[in-house]
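> Sequence:
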Amino acid sequence: MQSRFIWAITAAQLLAVGVLVCGLFVWPGPWNAQRYIGTALVATGIGGIAVARYQLGKSFSIKPEAHVLVTSGVYSKIRNPIYVFGTVMISGLVIVLQRRALWIFVAVLIVGQTIRARREARVLEAAFGDSYREYRRKTWF
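1 is the number of the first residue of the sequence shown in the numbering used here; add one for each residue after it.
Among these hints, one or two may not hold up.
The list that follows gives simulated cross-link-like pairs (lysine-lysine, DSSO-like), each with its CA atoms no further than 30 Å apart [claimed, not checked]:
| hint | residue 1 | residue 2 |
| --- | --- | --- |
| 1 | K63 | K138 |
| 2 | K77 | K63 |
| 3 | K58 | K138 |
| 4 | K138 | K77 |
| 5 | K58 | K77 |
Simulated DEER-style distance windows between Cβ atoms [claimed, not checked]:
| hint | residue 1 | residue 2 | range |
| --- | --- | --- | --- |
| 6 | K138 | P30 | 14 to 24 Å |
| 7 | S3 | E125 | 22 to 32 Å |
| 8 | P30 | A127 | 48 to 58 Å |
| 9 | K138 | L109 | 17 to 27 Å |
| 10 | P30 | R118 | 35 to 45 Å |
None of these hints come from the bench; they were simulated from the model. Since the structure is predicted, the reported quantities are computational estimates derived from the model, not experimental observations. Ideal placement from N, C-alpha and C gives every residue a C-beta, glycine not left out.
Please put together the full structure from these sequences, using the hints given.
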């Protein structure tokens, strides 16, 4: 059951990415420096999320769970790369849309992701103890 749910989430994310990418190219307005930078950030964010999800493998879950402590690849530098690259992607979208009020959403997103990351850290620290604490010391966010 959990596996089907993860596949459904992944399929929904892929569909959303497809809609987002198509939307970027049909969004009205000139292709100026701001739009190029925003589109590059969206592409970087999508790529980073994809790599992080792949490297996380079966350890991916919606709720904080401790399967395996993944410390290789992008996880060797960033503890929560999906959150970081998600913020990069959303920030790029805000730059493309050129709506200053959307920066409030980005700020709320960062606060929410920080809270979620702390919850996950508690679960991982309880499961992996000193190994997780050492990993946390060597990585960013």
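> What are the numbers of the hints that this structure violates, sorted from low to high?
6
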